[in-house]
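Spelled out from the first residue to the last, the chains are:
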Amino acid sequence: MIICKILGPVTAAVKHDDYQGRAVFAVQEYNGGILHGHSFLALDCIGAGAGDIVMVNKEGGSSRIACGHSEACVHSTITALVDTIRSKE
Amino acid sequence: MHIGRVVGNIVTAKMADGLDGFKLLIVEPLDHRQKPCGTPLVMVDKVQAGEGDLVYFTTGSEGAFAFDRRIDLLIDSCVTGIISAIDADNA
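Those protein sequences? They're chains C and R, same order as listed.
For the record, in the first sequence the residue sitting at position 27 is 361 according to the numbering used here, with numbers rising by one throughout.
For the record, in the second sequence the residue sitting at position 75 is 139 according to the numbering used here, with numbers rising by one throughout.
Worth flagging that the hints you see were computed from the coordinates, not collected in a lab.
Keep in mind that the hints are not guaranteed to be accurate.
[Stated by the list, open to error] Okay, derived cross-link-like pairs now, BS3-like style, lysine-lysine, Cα gap no bigger than 27 Å in a straight line:
1) C/Lys349 - R/Lys87
2) C/Lys392 - R/Lys99
3) C/Lys349 - C/Lys392
4) R/Lys78 - C/Lys392
5) R/Lys87 - R/Lys99
Everything numeric in this text was worked out from a predicted model, so none of it was measured.
Modelling step: build the complete structure from the supplied sequences, incorporating the hints.
As structure tokens, this is what we get:
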């Protein structure tokens with residue numbers, strides 16, 4: 335899992351069934367108050383909103399299961415809303 | 065998943081069985097400000113996207129799951145949505 339910041343929602347008029355009824359957000363890796371790398375998309379599974387600091391399962395089976403189907407065509411999912419980060423790094 | 069723009073399509077003379085009959089699009093990955101951020105990829109279309117459409121796509125084996133959860137397909141990326149709005153430009 336990685337820590338990301340939600341940049342904002344991405345809405346689609348036409349989308350695959352696995353995305354129906356769920357929000358898709360643009361997110362970017364976030365460390366020490368700074369955004370890193372390129373933005374990518376993640377499916378929201380917890381009711382997060384723009385500007386939130388969240389935890390994202392970026393790939394693999396666990397991110398598919400998080401959205402309720404072990405064979406969903408979903409690559410990244412938002413699985414937790416971060417409250418506090420304590421890190422020496 | 066990523067944001068992308070359809071920039072073309074590919075017609076093949078010969079295909080492996082696991083790809084037969086699929087429409088192949090060329091999609092350029094973009095970031096949330098619609099700036100190019102990677103090399104164009106060839107992917108299968110699931111939502112009838114056309115050239116110039118702003119789309120989102122899924123990579124990895126999840127791309128094949130878009131087609132009735134089949135695992136015998138030779139697909140590693142698939143267009144899964146046609147974007148109507150991105151509200152993240154000022155982030």
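Please write out, lowest number first, the hints stated earlier that are contradicted by the structure.
4
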